[in-house]
Amino acid sequence: MSVILELSASEPQGRVEDPRLLTGRGRYVDDLKLEGQAYMGIVRSPFAHATIKGIDFSKIRSSPDFIAALTGEDLIKMGVTTISQNQWPPQKPAKRYHLAVGRVRFTGEPVAAILVRRKNSLEDLVEQVEVDYDPLPVVTTIEESKKGNTLIYEDWSDNLSQSSDVKWGSAEKAIASAPHVIRAKEGIARQESAPIEPRSTLVRYKRDEDAYEVYATVQSVHGLREQLASELQTPEEKFHVKVMDMGGGFGSKGSQSYPEPLLACLFSRLTGLPVKWTATRTEEFLEAASGRDEYCDITLACDRDGKIVALKANVECDVGVTGTQNHMSQLSLWTMLGPYKIPNVDLRLAVYATNKMPLGPVRGAGAPEGCYFIERAMSIMAEKIGLDPLELRRRNLSSEKPRGTSRPTGEQDYILLIDDLVKHSRYEELLKWKRDVNSRFKQQGPSHSNLVAGLGVSIRGGGGFGGGTSEREESRGDSHQWSSQGESEQWQQGEGRESQRQTESDEWSPSGEAGTEGSSADLDFMSEYARVKLDRHGKVTVYTGSSPHGQGEETTFAQLASEELGVLLDKVSVVWGDSVLVPFGIGTFGSRSAATGGSAVVDASRKLKAQLFARVSEVTGTEAKALAIRDGRLVNTSQPSAQLPTLAEILEKLGVPDISVESVFRLSSMSYSSGVHLCALTLDAELGKVKIVRYVVVEDCGRVINKAIVEGQLHGGVVHAVGGALFEKLAYDDQGNLLTGTMMDYSIPTAMDSPNVEVYHEVTPSTVTLNGAKGVGESGTNAGYAAVMNALNDALSNVRPGAQVNIAPATPDSIFAALAISHHESQTGSD
Amino acid sequence: MRVNHKEYSGEVEPRTLLVNFLRDNLNLTGTHIGCDTGHCGACTVIMNDKTVKSCMVLAVQARDAEILTVEGLAEDQKKLHPIQEAFMQNHGLQCGFCTPGILMSSFFLLQRNPRPTEEEIRRGVDGNLCRCTGYVNVVKSVRAAARILSEGKKGTEP
Numbered sequence: 064m065s066v067i068l069e070l071s072a073s074e075p076q077g078r079v080e081d082p083r084l085l086t087g088r089g090r091y092v093d094d095l096k097l098e099g100q101a102y103m104g105i106v107r108s109p110f111a112h113a114t115i116k117g118i119d120f121s122k123i124r125s126s127p128d129f130i131a132a133l134t135g136e137d138l139i140k141m142g143v144t145t146i147s148q149n150q151w152p153p154q155k156p157a158k159r160y161h162l163a164v165g166r167v168r169f170t171g172e173p174v175a176a177i178l179v180r181r182k183n184s185l186e187d188l189v190e191q192v193e194v195d196y197d198p199l200p201v202v203t204t205i206e207e208s209k210k211g212n213t214l215i216y217e218d219w220s221d222n223l224s225q226s227s228d229v230k231w232g233s234a235e236k237a238i239a240s241a242p243h244v245i246r247a248k249e250g251i252a253r254q255e256s257a258p259i260e261p262r263s264t265l266v267r268y269k270r271d272e273d274a275y276e277v278y279a280t281v282q283s284v285h286g287l288r289e290q291l292a293s294e295l296q297t298p299e300e301k302f303h304v305k306v307m308d309m310g311g312g313f314g315s316k317g318s319q320s321y322p323e324p325l326l327a328c329l330f331s332r333l334t335g336l337p338v339k340w341t342a343t344r345t346e347e348f349l350e351a352a353s354g355r356d357e358y359c360d361i362t363l364a365c366d367r368d369g370k371i372v373a374l375k376a377n378v379e380c381d382v383g384v385t386g387t388q389n390h391m392s393q394l395s396l397w398t399m400l401g402p403y404k405i406p407n408v409d410l411r412l413a414v415y416a417t418n419k420m421p422l423g424p425v426r427g428a429g430a431p432e433g434c435y436f437i438e439r440a441m442s443i444m445a446e447k448i449g450l451d452p453l454e455l456r457r458r459n460l461s462s463e464k465p466r467g468t469s470r471p472t473g474e475q476d477y478i479l480l481i482d483d484l485v486k487h488s489r490y491e492e493l494l495k496w497k498r499d500v501n502s503r504f505k506q507q508g509p510s511h512s513n514l515v516a517g518l519g520v521s522i523r524g525g526g527g528f529g530g531g532t533s534e535r536e537e538s539r540g541d542s543h544q545w546s547s548q549g550e551s552e553q554w555q556q557g558e559g560r561e562s563q564r565q566t567e568s569d570e571w572s573p574s575g576e577a578g579t580e581g582s583s584a585d586l587d588f589m590s591e592y593a594r595v596k597l598d599r600h601g602k603v604t605v606y607t608g609s610s611p612h613g614q615g616e617e618t619t620f621a622q623l624a625s626e627e628l629g630v631l632l633d634k635v636s637v638v639w640g641d642s643v644l645v646p647f648g649i650g651t652f653g654s655r656s657a658a659t660g661g662s663a664v665v666d667a668s669r670k671l672k673a674q675l676f677a678r679v680s681e682v683t684g685t686e687a688k689a690l691a692i693r694d695g696r697l698v699n700t701s702q703p704s705a706q707l708p709t710l711a712e713i714l715e716k717l718g719v720p721d722i723s724v725e726s727v728f729r730l731s732s733m734s735y736s737s738g739v740h741l742c743a744l745t746l747d748a749e750l751g752k753v754k755i756v757r758y759v760v761v762e763d764c765g766r767v768i769n770k771a772i773v774e775g776q777l778h779g780g781v782v783h784a785v786g787g788a789l790f791e792k793l794a795y796d797d798q799g800n801l802l803t804g805t806m807m808d809y810s811i812p813t814a815m816d817s818p819n820v821e822v823y824h825e826v827t828p829s830t831v832t833l834n835g836a837k838g839v840g841e842s843g844t845n846a847g848y849a850a851v852m853n854a855l856n857d858a859l860s861n862v863r864p865g866a867q868v869n870i871a872p873a874t875p876d877s878i879f880a881a882l883a884i885s886h887h888e889s890q891t892g893s894d
Numbered sequence: 037m038r039v040n041h042k043e044y045s046g047e048v049e050p051r052t053l054l055v056n057f058l059r060d061n062l063n064l065t066g067t068h069i070g071c072d073t074g075h076c077g078a079c080t081v082i083m084n085d086k087t088v089k090s091c092m093v094l095a096v097q098a099r100d101a102e103i104l105t106v107e108g109l110a111e112d113q114k115k116l117h118p119i120q121e122a123f124m125q126n127h128g129l130q131c132g133f134c135t136p137g138i139l140m141s142s143f144f145l146l147q148r149n150p151r152p153t154e155e156e157i158r159r160g161v162d163g164n165l166c167r168c169t170g171y172v173n174v175v176k177s178v179r180a181a182a183r184i185l186s187e188g189k190k191g192t193e194p
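These protein sequences, in sequence, are chains A and B.
Here the numbering used here is used: the first residue of the first sequence is 64, the next is one more, and so on.
Here the numbering used here is used: the first residue of the second sequence is 37, the next is one more, and so on.
Same shape as in the complex, but just chain A (with noise of 0.2 Å):
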């Protein structure tokens, strides 16, 4: 069922961004300076619940380097009024400002800005702001959010943000009569994106003009002018949004409305001058949207053959104040359903709000917790009634393509992957080492080694959300929680576009004077924006309404556009983070770039082709059906030796110095990878101290367009699981306080901690997507947390039965807590 689609392009050795980027010639938005630019410094709350009785800038008014400031009631008084929130999922409107107004509700939340002259002043001018504080009590647990003694919002009747269930079939009663039922309390603690570079912005107010010139470090350019524009009551043509070179951003620097652009813009406004905000790491720590936080308490029955027969879980998930994009842990219960067929499922959420700040999306997006949960469900049950974990789940998928059409999500043979795993990792040579190991463990004297194996299995399900199967769609009947549309158009109605259309303009459009139909409002999550152009010297050039950070689009749709359009590689350069240059687009996250971005240059550059052929044949009578372009060269593959014009000639015939093609593609439904993955580790049991020795991911992400980028991206997403099953988190004490607020605190992982991960692949390309890719950016996050803490579990369960860590990161001191309370277990026997 593999197929490997041929590249006419051959895959590039190194990327095109890549020498700006290794010489110092990259430019990060923190690199730029505009003359006479103004530093913005932002004053931070020091306590998560208080009451604003004043503030005080007597202090610095007289500093030579002060220029202005402004607070909350300053931004109302100029028609600023709260910060944007995504309507979808249905949840309680949250009122937070840019700058606070009257209430703070998380330590470090925005309560006054300021401008200054010099950047070595910045720092100790905010210092100097005063400002009087009344604490409040404060919420720092759910436990103490659900009981509603203090309520985050006034205008809340309690602290429940949101809540949603996903139920067919009859979940209690088949567990009531299943012979084997596991139930367990898993959960992700809150962690960071931490992508290296901290946000930054730059903003220049065009007076004459009366509109902005931005360049910030955002995911999505258009998103960003969207915001600006709403919250500022500007329209969007006023708002020029620029993304320069940008330093990873992994969700916190996605959709999210932060006070700081918005404070540049109105500071560049009043005062005429070009101002540069950028945070410190700290303010990183404090602001950056967190992700996970989520617990969840699942139980899972099998019958005598380990088929699954039901799947029941309740999530909590702690949202802090509540962010400007809510929708992670609701994808979080799609996500939990796995690739599996499950006849009864009960499923509920719940997101409380406490004195946090707002979650966000992190790599992953509530997936990885999703697959968390059910995968570490799956380990457990195979434990429990003694089956080995890839053979339990092989008895719960199918080789089988789904039935119906509907959903393209069964792209993928589950089994071919597990088969796979099996060989490339040498499973059985896996299993005897765990054992050889595990074994010098329980001896004494002096071959006893303090080192326990363990190994871990996960499985990340494919298509669109929640990686669900026609069967699934079947055997849910009608639920009543889910709208037989699926999630796909849920997810779509969520974000209130509710267009169905897709716009293209197969006008003839010379000279960039393409006449789009297309608009912000035709686009959402499963669309994007392309535009191709060719001109007379046979160069292409692809604007693309993604916004790369990392994962080399510039590389891959030039790729895309050189193999669709026969034009040399180095013909194509490749255009994006700009509002002007391209007029719409979405942006890049969510895994969803290659598939979306990638089909929209596809389907503008086979229009552009069939233009372009129509237009030839016109001018030379040659037919349109025989017309190709190889290496540049416009050719009659009927009459090879046959003479044509060149294209530079056939655009002069038709008066124009180029030609150009928009497309808005829209994907039937979203397009995801599978994978498989495989973690073995040793875990010291003297030291807690874990060491990753194999992780073995196989992969079917479709048409791999680029094999070393998909590579990277799945090295990369693996990594930023093991830094999140095993060190992340981002601890706050009983008065709201982050505890971790450097990268000393708050450790991602280094060289030294993270495993070579090897990579195999399965290629079914995609149908919905034009390139035949599925999203793969996300995907080693979201299966790396289960394989890793189910790995760390088996490895505990070798030193003392019974001993778990179920809240992800399984730290040492967890680890020892684990060890310690399943021996105190055993000893009073009531293990």
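Where hints are given, some of them may not hold.
[What the hints assert, rightly or not] Taking lysine to aspartate or glutamate and the EDC-like style, the derived pairs with C-alpha atoms no more than 16 Å apart in a straight line are:
no., chain 1, residue 1, chain 2, residue 2
1, A, Lys182, B, Glu49
2, B, Lys86, B, Asp60
3, A, Lys182, B, Glu102
4, A, Lys96, B, Asp60
[To be verified] Covered stretches of chain B, going by a simulated chain A footprint (3 or more residues, C-beta under 8 Å):
no., stretch
5, 37-46
6, 75-87
7, 127-135
It should be emphasised that the hints constitute simulated quantities derived from the structure, not laboratory data.
Just so it is clear, the structure is predicted and the values come from calculations on it, not from any experiment.
We put the beta carbon where it would ideally sit given N, CA and C, even for glycine.
For this one, chain A is given, so just place chain B on it according to the hints.
Coordinates of chain B only, in the frame set by chain A:
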């Protein structure tokens, strides 16, 4: 101080960090700031033949020092240094933000140890955080660079 073989002088406030002097005064923006506390290594430069995190050094401490930044790594500005070439050939970078620091640490490592083992490479770049690559291709790139530098062979791994 000498930076990338050129003499520079300037007056700075005593508390100015070397990284800010390089970026703001000399406009050498290839050296990046990722964490302000010396943990991420994006600001790594070579100072008097040793790597330093330039956010942990005051500009005045670098008085009369010899500094090498990513901009000065390739002697011929039109070509890549073999280490840069190896990173390009082996996809050793994604967003590129940590890359200048990783290149400088790799340069330092390979000067001291021209044939490092995988363990030694990992230790050599342990002070540089990268959130994109998972270090798999960073290690591969440094290994390839070692081969190019010591044997003059092509930098692509089979």
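Verification of the hints:
Of the supplied pair hints, the one linking A/Lys182 and B/Glu49 holds, its CA atoms being roughly 12 Å apart against a limit of 16 Å. Of the pairs offered as hints, the one joining B/Lys86 and B/Asp60 is violated, with about 23 Å between alpha carbons and a cut-off of 16 Å exceeded. Proposed proximity of A/Lys182 and B/Glu102 is contradicted: the alpha carbons are some 26 Å apart, above 16 Å. Distance hint between A/Lys96 and B/Asp60 is fulfilled; the C-alpha atoms sit about 9 Å from each other, no more than 16 Å.
Counting residues of the stretch 37-46 of chain B whose beta carbon lies closer than 8 Å to any beta carbon of chain A gives 0, which falls short of the minimum of three for the stated coverage. Look at the stretch 75-87 of chain B against chain A: 3 of its residues bring a Cβ nearer than 8 Å to a Cβ of that chain, three or more, so the hint holds. Residues of the stretch 127-135 of chain B lying with their CB closer than 8 Å to a CB of chain A number 8, which satisfies the three-residue condition for coverage.
Of the numbered hints listed earlier, those contradicted by the structure are 2, 3, 5.
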